[in-house]
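A.B. asks: Take the sequences, apply the hints, and build the full model.
Line by line, the protein sequences give chains H and U.
Counting along the first sequence from 1, when you hit position 457 you're at 457 in this note's numbering, and nothing is skipped either side.
Counting along the second sequence from 1, when you hit position 92 you're at 92 in this note's numbering, and nothing is skipped either side.
If you are wondering where the hints come from, they were derived from the structure by calculation, not from laboratory data.
Every residue, glycine too, gets a C-beta built ideally from N, C-alpha and C.
Be careful, since some hints might not be right.
Facing chain H, according to a computed beta carbon distance under 10 Å, are these residues of chain U, among others [as the list claims (entries may be wrong)]:
id : residue
1  : M17
2  : D20
3  : K27
4  : T32
5  : K34
6  : E45
7  : M46
8  : G74
9  : S81
10 : S82
11 : F112
12 : D176
13 : I177
14 : M181
15 : S189
16 : R198
Restricting the straight-line Cα-Cα distance to at most 27 Å, the calculated cross-link-like pairs of lysine-lysine (DSS-like) are [said to hold, decoys possible]:
id : chain 1 : residue 1 : chain 2 : residue 2
17 : H       : K256      : U       : K193
18 : H       : K249      : H       : K268
19 : U       : K193      : H       : K268
20 : U       : K31       : H       : K444
21 : H       : K169      : U       : K159
22 : H       : K444      : U       : K62
23 : H       : K365      : H       : K108
24 : U       : K159      : H       : K167
25 : H       : K321      : U       : K128
26 : U       : K183      : H       : K55
27 : H       : K320      : U       : K128
28 : H       : K55       : U       : K193
29 : H       : K61       : U       : K31
30 : U       : K2        : H       : K53
31 : H       : K167      : U       : K167
32 : U       : K167      : H       : K169
33 : U       : K62       : H       : K320
34 : H       : K53       : U       : K34
35 : U       : K183      : H       : K167
36 : H       : K253      : U       : K193
37 : U       : K31       : H       : K77
38 : H       : K53       : U       : K31
39 : U       : K183      : H       : K53
40 : U       : K2        : H       : K55
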Amino acid sequence: MAQSSAPRTLYDKIWDDHVVDTQPDGTCLLYIDRHLIHEVTSPQAFEGLRMAKRKVRAPQKTLAVVDHNVPTSDRSKGIEDPESRTQVETLAENAREFGIEYYNELDKRQGVVHIVGPEQGFTLPGTTIVCGDSHTSTHGAFGALAHGIGTSEVEHVLATQTLIQAKAKNMRITVDGQLPAGVTAKDIILAIIGEIGTAGGTGHVMEYAGEAIRSLSMEGRMTICNMSIEGGARAGLVAPDEKTYAYLKDRPKAPKGMAWDMALAYWKTLFSDEGAHFDREIRLDAANLPPIVTWGTSPEDVVSITGNVPLVDTGHSDQKKAAIQRALDYMGLKGGEKITDIKLDRVFIGSCTNGRIEDLRAVAKAVEGKTVASTVSAMIVPGSGLVKLQAEEEGLDKIFKAAGFDWREPGCSMCLAMNADKLAPGERCASTSNRNFEGRQGFKGRTHLVSPIMAAAAAIEGHFVDVRTWA
Amino acid sequence: MKPFTNLTGVAAPLDIMNVDTDMIIPKQYLKTIKRTGLGTGLFSEMRYTDDGSDNPDFILNKPAYRKAEILVAGDNFGCGSSREHAPWALLDFGIRCVISTSFADIFYNNCFKNGILPITVSQTDLDKLMDDARRGANATMTIDLPSQEIRGPDGGVVKFEIDSFRKHLLLNGLDDIGLTMEKSSAISSFEQKLSTARPWA
Ligand code: SF4
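C.D. replies: Pasting the structure below:
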């Protein structure tokens with residue numbers, strides 16, 4: 001395993017420990033420790049394997065789960081939509097044929113793949129993790145090198161347990177200070193994307209550091225790493241620490257006994273050395289951050305809750321002006337509106353960005369004893385079956401239902417609207433997910449990305465409110 | 001995979017920044033378990049009107065561009081999800097080359113796996129190529145991968161960079177899984193080392 005004596009970044013260290021082979025032009029063959037697969041991006045990969053008569057090299061290093069396409073209504077009587085059913089059945093068959101562990105739609109461990117991995121202790125520090133899904137960057141919160149791949153690469157990993165990769169550049173984002181009350185990990189990452197733009201991290205792996213990141217729970221760190229891809233980065237990373245170890249200890253797939261001690265000793269070496277070289281550095285002060293709302297159709301279109309929708313002439317280049325105009329038209333906004341005057345039709349709380357237990361607890365705290373506005377239809381979709389069970393054990397579901405929220409079965413749901421959960425044309429939604437692209441949550445649907453408490457407050461009031469002053 | 005060497009064809013101008021993969025192929029087309037047939041879904045939300053008929057204003061619906069094989073697009077093309085359905089849809093429609101000032105990483109990778117050449121050029125070159133593309137069917141472009149050149153309709157030449165390994169795969173239409181499998185003993189010895197160094201992994 002290649003190693004240099006110069007100070008190395010966390011990314012350098014994990015990379016070095018996984019290089020199988022280096023070609024003269026620098027392209028590497030990288031060993032993949034963990035592979036997650038789901039129903040939407042894997043069928044063509046298995047079909048490719050069958051056509052070439054290839055086997056899965058290490059089925060025990062792969063975990064399959066359905067999430068994108070499953071309905072979030074009662075699933076005990078099967079899946080009605082024939083295409084969704086075919087895709088789900090195809091994954092089940094492929095998993096069986098190739099000997100891969102599989103969580104089906106009725107398994108309590110089922111959920112959004114990026115919530116399931118950490119929950120099971122499948123996600124571990126210092127490992128390489130891939131999945132045919134761009135939000136694989138989530139797992140970087142554990143100090144794992146994790147990124148999304150395409151279906152051809154899924155096939156490549158299944159067949160060889162490796163990936164052909166050129167090394168990315170190192171970027172560090174340091175978030176100093178402490179978050180004010182009402183401001184969350186989601187606001188940090190939205191602020192970062194607003195700052196660097198959606199292509200700002202292209203070709204880089206982003207390491208998040210600083211007091212504010214250290215202070216975050218594992219859930220908060222996952223929210224941040226999750227949206228690294230919205231900043232264009234190949235992966236996000238947070239160095240593991242006591243919180244990471246405490247989260248993982250005793251998880252079903254985490255190492256036990258002596259193996260745990262051995263792993264822990266290795267994990268403690270996983271940090272960026274003093275003086276390690278970063279190609280790019282960004283600094284941000286958490287203390288100055290407000291709750292953030294996106295106004296447009298790109299995650300970089302961010303504005304403070306106290307701000308206004310931009311006017312077209314705030315754009316610099318003609319292309320930028322055209323982009324703002326296009327986004328305003330799509331979003332049904334004129335430009336200049338106060339954010340707090342924007343009224344919502346729908347609220348979606350869930351996804352691999354904000355569908356974990358901590359998110360649901362925050363929402364429950366915010367809405368307890370209150371009622372969803374009569375003009376709003378609001379849904380909460382737990383990130384996994386285990387999150388759902390935990391929430392129900394804590395009585396959160398009762399709070400949600402009493403307030404008028406729709407409490408659903410786990411899955412991706414309206415984050416990408418592949419199943420029946422979608423916006424109607426023109427509907428406006430406050431969403432805790434990660435993408436506000438045109439049509440993302442439904443044809444001509446309008447998405448504003450926010451944190452869970454901002455979404456909760458908007459559901460109650462029917463329009464955006466500043467949660468720092470909302471009672 | 002079909003090799004990519006030279007391509008002469010019509011280039012369509014798509015002057016939009018941040019064209020994301022949801023725009024290229026919306027999710028209702030992701031329910032397939034096949035790689036083929038996705039061309040009808042390409043850019044569908046822009047390409048079709050609410051009643052399903054062709055939107056005459058969309059670039060690929062204009063008579064001059066219906067057979068476009070090259071796309072000239074704004075910055076950060078292919079951002080968003082990892083869905084390989086995006087290059088599959090482009091390919092199925094007939095597009096084999098996309099030119100932009102930058103591409104999202106995963107989309108960029110996915111193109112090469114499907115014999116599509118993504119070319120990164122400077123803003124000045126892009127502006128020029130965008131103007132060329134606006135001239136429609138009379139103004140074809142030639143993409144010459146061996147010499148890494150784009151030749152415009154008026155004889156203008158734009159040079160481009162591409163990683164040599166990817167170029168090699170594309171020129172020869174090689175399946176990289178086959179190539180990697182040739183390294184299977186290196187992978188085995190890595191796994192051997194792994195089982196003592198990090199058995200918990
Ligand atoms: S929750 Fe949304 S972003 Fe996350 S994996 Fe599912 S579709 Fe993708």
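A.B. asks: Decide, hint by hint, whether the structure agrees.
C.D. replies: Results of checking the hints against the structure:
no.	hint	result
1	M17	holds (5 Å)
2	D20	holds (5 Å)
3	K27	holds (5 Å)
4	T32	holds (8 Å)
5	K34	holds (7 Å)
6	E45	holds (5 Å)
7	M46	holds (9 Å)
8	G74	holds (6 Å)
9	S81	holds (5 Å)
10	S82	holds (4 Å)
11	F112	holds (9 Å)
12	D176	holds (6 Å)
13	I177	holds (5 Å)
14	M181	holds (6 Å)
15	S189	holds (9 Å)
16	R198	holds (6 Å)
17	H:K256 to U:K193	holds (21 Å)
18	H:K249 to H:K268	holds (15 Å)
19	U:K193 to H:K268	holds (20 Å)
20	U:K31 to H:K444	holds (20 Å)
21	H:K169 to U:K159	holds (24 Å)
22	H:K444 to U:K62	holds (23 Å)
23	H:K365 to H:K108	holds (25 Å)
24	U:K159 to H:K167	holds (24 Å)
25	H:K321 to U:K128	holds (20 Å)
26	U:K183 to H:K55	holds (16 Å)
27	H:K320 to U:K128	holds (18 Å)
28	H:K55 to U:K193	holds (22 Å)
29	H:K61 to U:K31	holds (26 Å)
30	U:K2 to H:K53	holds (20 Å)
31	H:K167 to U:K167	holds (18 Å)
32	U:K167 to H:K169	holds (22 Å)
33	U:K62 to H:K320	holds (25 Å)
34	H:K53 to U:K34	holds (18 Å)
35	U:K183 to H:K167	holds (19 Å)
36	H:K253 to U:K193	holds (21 Å)
37	U:K31 to H:K77	holds (20 Å)
38	H:K53 to U:K31	holds (25 Å)
39	U:K183 to H:K53	holds (18 Å)
40	U:K2 to H:K55	holds (24 Å)
Comparing the model with each earlier hint shows no violations; every hint is respected.
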